[in-house]
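Novice: Protein chains in written order, with the UniProt record's numbering: chain A, 1 to 178; chain B, 1 to 571.
If you are wondering where the hints come from, they were derived from the structure by calculation, not from laboratory data. Backbone N, C-alpha and C fix where the C-beta goes; we use that ideal spot for every residue, glycine too. Treat the hints loosely; a few may be bogus.
As the list claims (entries may be wrong) - Chain B is faced by these chain A residues, among others (derived, beta-carbon under 7 Å):
1) 54
2) 56
3) 156
4) 162
5) 163
Residues per chain are reported as follows:
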Amino acid sequence: MNRRSVVKGLLIFAGGVAVLPSCVLEEGKASIPLDHLDVSEGQEKLLAEMVETILPTTDTPGAREMGLHLFALKMVDDCYSEQDRQAFMQGMAAFEGMAKKQTGDTFLDASPKQRQEIIVAVNGKNAPEEVQAFYSILKNETIKGYLNSELVMTQLRVYELVPGRYDAYYPITKAQIS
Amino acid sequence: MANLNTKSVKQRTYDAIVIGSGISGGWAAKELTEKGLKTLVLERGRDVKHGKDYPTTNKMPYEFEHRGEVPLEIREKEPVISRCYAFREDAMHFFVRDSEQPYVQEKPFDWIRGYQVGGKSLMWARQTQRWSDLDFEGPARDGFAVDWPIRYKDLAPWYSYVEKFAGISGNNDGLAELPDGDYLPGYPLNSVEDYFKQQLKNSYGNRHVISARCAHLSKPNPIHLEQGRGQCQNRTLCQRGCPFGGYFSSNSSTLPWAERTGNLTLLPHSVVESVIYDEKAGKATGVRVIDANTKDVTEYYANIIFVNAAALNTNSILLNSTSSRFPNGLGNDSGLLGKYVAFHNYRARVSAEYDGLLEYATDGRNPAGGGYIPRFRNLYKQETDFLRGYAAGFSARRFQSEDRSGFGADLKQQLLNPTWSNWKVGSHMMGETIPKEENYVSLNRDQKDAWGMPLLNISIGYDDNDEKMVKDYQEQMTEMFTKAGFTNIKVTDSNQAPGLDIHEMGGVRMGQDPKTSLLNKYNQLHACKNVFVTDGACMTSTSTQNPSLTYMALTARAADYAVSEMKKGNL
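Use the sequences and the hints to build the structure in full.
Specialist: Below you can see the structure in the form of structure tokens.
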């Protein structure tokens with residue numbers, strides 16, 4: 001039996017994402033089992049901070065607490081092509097380099113204001129292409145994870161599993177139109 | 001043949017055997033058991049009990065590890081099935097994987113299969129439009145294939161019969177090309193679908209948009225409640241299996257009904273190797289079955305055999321059923337078994353947008369999927385440079401869309417406060433294809449599957465007629481959309497391989513003449529009268545309409561005939 005199958009037997013499911021108990025964590029590595037991506041503990045923290053900046057805690061939970069960085073990692077690891085996985089990892093390294101250059105610090109150690117500025121730049125496409133490729137994957141998966149989360153689907157934007165109706169002429173007002 | 005089963009011949013003898021438990025096999029089982037025949041239904045896959053064996057049916061989207069997406073590893077390993085629109089994380093377990101059930105693509109063919117009790121009736125798209133005489137008379141009028149040995153009047157009462165039991169929602173639209181039926185209330189068209197309907201009426205006269213007829217219980221009748229089924233709850237998660245029995249499947253309807261007669265024996269994990277032919281008796285006596293798990297071989301016997309294994313698998317079983325009387329496959333005196341296979345041309349789509357009627361959206365979900373445009377080309381005479389024509393789906397939708405541009409608290413607000421998009425309209429073609437001798441399946445004698453069965457060679461392709469039809473559909477739909485004031489019209493040709501339509505038909509076609517067909521007008525092998533084929537394999541031509549309803553009607557009719565012939569001592 002290899003390490004992975006042992007590890008898979010020990011998974012704890014939290015917020016829809018499998019999390020490893022700390023006793024089986026590989027030193028310095030991500031807290032979820034990944035087949036392809038080699039993600040360090042530090043990178044996981046970076047991603048947690050980034051998704052929290054994208055969707056912060058307000059009067060409802062933010063992306064970090066919801067584990068959306070782990071969801072994004074899981075999706076990239078399982079569903080993306082090798083090329084996209086590489087783009088994700090290389091872009092993440094480039095992002096770290098960019099943050100260091102701009103603040104003299106790592107993204108994690110930068111002040112909230114500095115972090116905000118970095119994300120403003122990347123979100124506004126004022127960043128190298130490889131950084132943007134990484135950011136766009138992370139943001140897309142964060143949004144997907146958010147909109148498809150239990151919190152949103154049961155409380156904030158309710159998904160009806162059993163609608164029990166079809167109104168073909170549902171009247172709407174101008175305010176509801178983009 | 002070694003018989004490893006310890007049960008006596010008597011214990012393995014039934015009045016009837018049905019090979020396959022999908023949409024047509026389920027009907028054969030229901031009809032034969034109701035008429036008092038002890039019936040054995042053989043299914044190569046596992047059992048799927050209604051309600052109990054739908055593991056994903058009540059899952060919320062967040063309960064799927066990849067929120068519905070199929071992981072890359074599976075998509076790379078199983079490229080064919082991964083192209084099927086319904087092969088998603090919520091229903092993957094009901095589809096056959098390429099790697100487990102190989103076949104030989106002499107030409108590209110996406111063979112979509114469901115090996116379990118209920119077959120593909122669990123995941124089908126549930127569209128149920130009747131055929132008309134414009135379809136049954138097509139081959140004779142246009143000089144292809146052979147003449148159908150039946151006409152609409154032969155099938156009309158059986159359409160009614162199966163519609164009433166299965167529960168079909170729809171309207172009586174009064175169109176000769178799409179006969180009316182015995183329907184539950186139809187699902188309404190929405191504002192833009194109605195608008196387009198009116199536009200077509202004004203611009204063309206003979207082009208219609210109707211509410212698609214579908215096998216959903218919009219308003220169940222006592223016969224449906226008696227089956228243990230209830231009203232469709234508009235989930236549109238049908239491919240998972242429906243806990244309400246809101247749509248028709250063998251699992252929710254015909255098989256439990258057959259079981260209640262006390263005359264049904266259902267054997268899952270039973271791969272049929274061949275139909276056994278008795279030279280002296282001059283008829284089939286039973287089937288040889290390989291246990292899918294143990295690979296033990298057992299023979300079962302019956303007076304009547306219905307082959308409903310799904311179109312291409314039915315071809316495969318008959319081709320593999322050889323004897324000195326039938327060296328090239330059971331009933332294959334004509335040499336045409338496996339040939340003249342056809343399908344539906346689903347390649348082209350047209351999409352557009354509409355900025356009118358913005359005061360309306362829709363609420364809830366429409367299980368019918370929207371509108372249906374019956375064939376309007378070459379209806380009463382040849383008008384184009386291609387034969388036959390196409391039907392088309394038509395639907396209009398608005399989406400709750402979010403501005404995803406920002407980040408931070410603003411983005412969160414945006415995501416939680418979506419606005420309605422404008423109308424997105426879409427259409428896809430459903431083209432009739434012309435059966436041809438060079439579109440065939442055959443057995444590969446060099447390669448075998450895990451059960452020792454020869455692999456199926458599939459050699460089916462498009463032709464010039466199909467290419468012309470794709471072009472005409474694109475042009476005509478673009479014109480219709482333009483006239484309706486739709487904008488941003490986009491035309492696509494997926495170039496998808498045949499098979500992805502999941503409407504493969506033929507190979508064991510019906511016809512008047514044993515020299516040019518395999519089955520007679522009652523779906524009986526001309527040369528082996530106690531064997532009936534009533535799944536897609538029997539089809540002489542394809543029409544444009546979704547074929548399942550016609551398989552159901554043909555099956556009920558053939559079962560009725562088979563039992564009356566048996567009682568007369570003719571089988």
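Novice: Next, verify each hint and record whether it holds.
Specialist: How the hints compare with the structure:
Here the hint on residue 54/A is kept, as its CB sits about 5 Å from the closest CB of chain B, short of 7 Å. For the restraint placing residue 56/A at the interface with chain B, the shortest Cβ-Cβ distance is roughly 6 Å, inside the 7 Å limit, so the hint holds. Against a cut-off of 7 Å between C-beta atoms, the interface hint on residue 156/A holds, since the closest Cβ of chain B lies about 5 Å away. Against a cut-off of 7 Å between C-beta atoms, the interface hint on residue 162/A holds, since the closest Cβ of chain B lies about 5 Å away.
At about 4 Å, the closest approach between the beta carbon of residue 163/A and any beta carbon in chain B falls short of 7 Å, and the interface hint on this residue holds.
Hint violations for this structure: none, all hints satisfied.
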